[in-house]
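Given chain R's structure and the hints, the job is docking chain S onto it.
Residues per chain are reported as follows:
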Amino acid sequence: MAGKKYGIVDTWKYRRPERRLFLLTSLAIAVGYALVTVRKGGISSFNLHDAMPLAVYLCGILTVHLVLILFKFRGDPLLLSAVLFLCGIGMLARFRLGATEQIVIRNLSSLALPLGLALMLLVILLFRKGRYRMLESLAVPCVISAIALMAAIILWGERYRGALFFTGYTNPSELVKILLIIFLSGFLVRWRKELQDTSVGLPRLTSRAVILLLISWGLPMALLLFQRDLGLIVMLNAVLIVLIFMATGRPSYLVVGLLFGVVFCIAAYAFTAHGQARFVTWLNPFSDATGKGWQILQAQSAMYSGGLWGVGLGAGAPEYIPIASSDLVYAVIGEEIGYTGCGVVVAFFVALFFRGYRIASQIGHPFGRLLAAGIVSTLTFQTLLNIGGVTKALPLTGTTLPFISHGGSSLMTTFLSVGLLMALSEKEPAPDRGKTGKAKT
Amino acid sequence: MFIAVYAYQATWQLTGFARPDFMAFMRTYSRRPVNPAKETSRGRILDRNGIELAASDDKNALKRVYPLSRAFCHLVGYLDPMFGLTGLEAADNAFLDGYSLTSAGEVGRFGLNILNHRDVGGNDLVLTVDSALQKHAVNLMGKRRGAVVALQPKDGSILVLASSPGFNPQALDGRLFSDDLADSSPLLNRAIHGLYPPGSIFKIVVAALALEKGFSERLDCPAQGYTPAGGRYRPIRDHEYYALKKRGGTWKGRGRIGIEEAFAFSSNVFFAQLGVRLGGSELNDIAQRFLFSMPVTLFEGSSGSITARQGRWPKLDGQDMGSVAQQAIGQGAILVTPLQMALITAAIALDGQVYAPRIAVRTPARILGRLTEPEVAQKLKEMMRKTVERGTAVGAKIKGLPIAGKTGTAQVPDGSDHSWFVCFAPMDTPAIAVAVIIEHGGYGASSALPVAVELIKKAKRMGLLETQTADSDKAM
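Chains as they are written, first to last, in our numbering: chain R, 1 to 441; chain S, 1 to 476.
Isolated chain R (complex conformation) (with noise of 0.2 Å):
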């Protein structure tokens, strides 16, 4: 086998579990749409139109593998199925809110799916083959247009539900999550060193890598609260700690970022009046059940009335619940799908997350395999941040729910790192890893 050219058979054998994922995903995907179908008025009053969403999806998902098959890709062979079954069900609560219904090529977030699959492709096929290492160096620019974004989403920006969005509800700020991961990799491999140094077991304020993270970090977190976008901002410094430790391998920064999350927690409290309303009815919903509680409590009486098995899918009432279709999806899979269902798209999501930290953790180039934990991180915090917030665990952020939640930027975003995750699963360069590593060496 070494030293032989990897043909496209072998890329075709390879990627064999991943073609069964598919076919069992796109069977249990497209038994929920007919489910969905039915309910929503019968065959009868069934056209054409109402089929594009599921069509779109599985050529989707046919045309992901064959490409990635077609391109010889040897990345991850099982991290893409979790994606798609999570996208799938994405696809069934929006088909089943009704966001499909206008005419398709007026709406655009109906063409996030296949434009984000495809932005996906590109992407792994731009930064395969180590090729993501360029990235690196551009991680001075990547902090800086994150900084021009935010800016000009304050200057230019209007504000619906509490937050900053661009004309059309794009919301660049998706954006600026994965630009700042790229800087903040970059960032730590250059000045891995620097923050190593620690004195009885701190970081040392006064050293060059300390002070140049606090600026290059502070100011786009400052325009983040300024966009009072918190949950944003508790998901970029989660995993900021998880990198600094990962870098490092100093637990010290673990401990010192879970006390600075307190302070900022207490802070948000204590002197912004939008983060005291949120804590208040995250705490006490009932205090203003008509008001604010209003959204958490109804996103549970829709879960509460699924129960166990759901009221099954098409059956439910989500449009009692405000923003079903985007921050509050899983209120919907709740009531539909019930308890149980809930738990397979959880299991689904931590199944994702294992298959990506394991993949960063097989990344031999440090640039890589701190980006490849950032992506996961992030990914993982904003999941944890949207199912908490809508069981009620954790106070609302107004994150939406990664592959599910509606909403066109967060989709492709997502799309982007998944694309940039894949691509740096794929061994690198030489075909064969048991030769690169004696190469190496």
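Treat the hints with caution; some may be incorrect.
[Unchecked claim] The list that follows gives simulated cross-link-like pairs (lysine to any residue, SDA-like), each with its CA atoms no further than 20 Å apart:
| no. | chain 1 | residue 1 | chain 2 | residue 2 |
| --- | --- | --- | --- | --- |
| 1 | S | 381 | S | 317 |
| 2 | S | 213 | S | 282 |
| 3 | R | 292 | S | 21 |
| 4 | R | 292 | S | 427 |
| 5 | S | 381 | S | 222 |
| 6 | S | 379 | S | 289 |
| 7 | R | 292 | S | 82 |
| 8 | S | 379 | S | 261 |
| 9 | R | 72 | R | 119 |
Simulated from the structure, these hints should not be mistaken for laboratory data.
Relative to the frame of chain R, chain S by itself:
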């Protein structure tokens, strides 16, 4: 962390029916076609004979029906989507809804409910009260404000806990909660939350102390009354002084009398002097023993409890003889609830021992404490009987039904006096203890006494007194 979140999700999604606030929210605001909250059939509240005091509507499980309307509006309370829940409906919410998990059957239903999310099936709450007697009490009070408490001394079972005015728990109205009604306060359960000056019925407590101390002197009770601490205060006079003065006559005073006569005729002059002689600190002690120092709980439910308000006894310092004299005749700043006075009366009837009041049959009878010695209680019983035979309470003298009681006329700053009557019957085998207050009803004998007497007559007709006698006969 995901496991923790997922587990927490279960506490709402699967066992959310154990969250009363959440259930109430869904009953009111969840317009979903599938709303399990609306399908849980809540248990009924029944009286001792199984008569429904609260039940769920057959057609609409959301709606609660109160067949006896205002008679039980305070005790049973209400469950209303708009106005929340009160009274026993609130205190035993979990039990009524069937998720208190106190029995194997309930645990089984609980599990089934998690599986299929359908009817939990609530439990019935059975009370010790007698709805016919309670209705009678409410009718007797009529439009007058006041409260009636009747209980069985032998085990503390409450037969009547009525408060007037009331409201219709099935037709709640926002105006009920407005400040305009602050004066009549129809939502207030006067029987356990109303605080009143006891007036002369407090003489029972002071007499108990005197008897314990072996006091047997005769005291002079002149017409000009008694002025504690040498003239710094207005003299305390007997009520006859004022009554006769009103009619243009003059009161000649009682002369030298003993405690029995003073008790029977409710002589303020005697008891004010007696109080001063006994002293402030002794009075403090006995007040503490006679239930002033603790809040009494009538019901410990699955979601809360029903507790009476604590009476108020301002500590006497032994120097301020004016206050000592005032509090010894049940005036001044001392306040009691009708329930407290009913319990004290029950204690006298039961040789000084008192059972904790209980409202639910499932609450076991429990001795609350001993207020005084059996000999003292026996003497007090006789004094209360004499009060009916030839004292202020002759109105309660009925052939074949020996009642023992004490009237009270409590002066209040606003308007005419509150009318009190506490009593028990029958004299030798007490089966019922009653406390009645009619706000601004004048003399105890004129308003409260007839209510108590009619109530006891009714109880006798219903056989509530006979069974007790038969039981004790058997015991003998």
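Checked hints:
| no. | hint | verdict |
| --- | --- | --- |
| 1 | 381(S) - 317(S) | violated (31 Å) |
| 2 | 213(S) - 282(S) | holds (10 Å) |
| 3 | 292(R) - 21(S) | holds (16 Å) |
| 4 | 292(R) - 427(S) | violated (62 Å) |
| 5 | 381(S) - 222(S) | violated (27 Å) |
| 6 | 379(S) - 289(S) | holds (18 Å) |
| 7 | 292(R) - 82(S) | holds (18 Å) |
| 8 | 379(S) - 261(S) | holds (13 Å) |
| 9 | 72(R) - 119(R) | holds (18 Å) |
Of the numbered hints stated above, those contradicted by the structure are hints 1, 4 and 5, listed in ascending order.
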